[in-house]
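Starting from the given sequences, assemble the full structure and let the hints guide the process.
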Amino acid sequence: MDSNMPTEEYEPSGAFEAIQGTRAGAAAFEGEDKAVGGSAERVQEASRKGLDPATGETTPRTVLRKAEDLNTKLEADLKASSTECAKLKATVQKLQVQVNQLQGMKQEHNDADDAAMLKGSAEILELKGKLQKENEESKAKLSARNHEISRLSSELANVAADKEALTVHFPQP
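Residue numbers (the UniProt record's numbering): 1 to 173.
Since the hints were made in silico from the structure, they are not lab data.
You may find that some hints are simply not true.
With a straight-line cut-off of 30 Å between C-alpha atoms, the simulated BS3-like cross-links for lysine-lysine are [stated by the list, open to error]: (1) Lys106 / Lys94; (2) Lys79 / Lys94; (3) Lys119 / Lys106; (4) Lys139 / Lys128; (5) Lys66 / Lys79; (6) Lys106 / Lys87; (7) Lys94 / Lys66; (8) Lys89 / Lys79; (9) Lys133 / Lys119; (10) Lys141 / Lys128; (11) Lys66 / Lys89; (12) Lys141 / Lys130; (13) Lys73 / Lys87; (14) Lys119 / Lys130.
Listed below in structure tokens is the structure:
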């Protein structure tokens with residue numbers, strides 16, 4: 001045997017069991033450590049989620065915090081919506097001003113067209129009146145000429161009859 005080896009006799013099976021027991025204890029300790037670590041992780045996770053670790057339900061503080069966060073977000077959204085609404089309202093007002101201006105211009109154009117049409121209609125009526133007056137004057141002149149022609153024809157017939165009568169009474173050589 002080796003000089004470094006103890007001279008006492010020992011039983012190898014007891015040492016083996018001791019080592020095995022130590023390993024089993026270490027494994028059990030490791031399992032408990034994992035279980036404790038898992039519990040700690042669950043507690044931390046529950047805390048992070050705002051859950052009561054004992055019941056797994058949401059705590060009032062968490063509900064309040066979430067409600068406050070939601071309220072803050074909603075207030076920010078409302079402010080953004082109000083700002084956007086104000087911008088849209090200003091745009092609508094600008095567009096309404098432009099629409100009113102265009103309607104005014106259209107009305108002026110329509111009024112100018114109406115005035116031009118009225119003026120044109122008045123001129124047409126005036127020209128019709130002048131034409132009718134000239135037509136009546138022409139008819140009157142024509143009637144007067146026809147009357148003059150009839151009178152002259154009648155006179156000519158009378159002169160011809162007088163000439164005939166004179167020729168019959170005073171034959172010409």
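For this session: Of all the hints given earlier, name the ones this structure violates by number, lowest first.
Result: The structure conflicts with hints 7 and 11, although it agrees with all the remaining ones.
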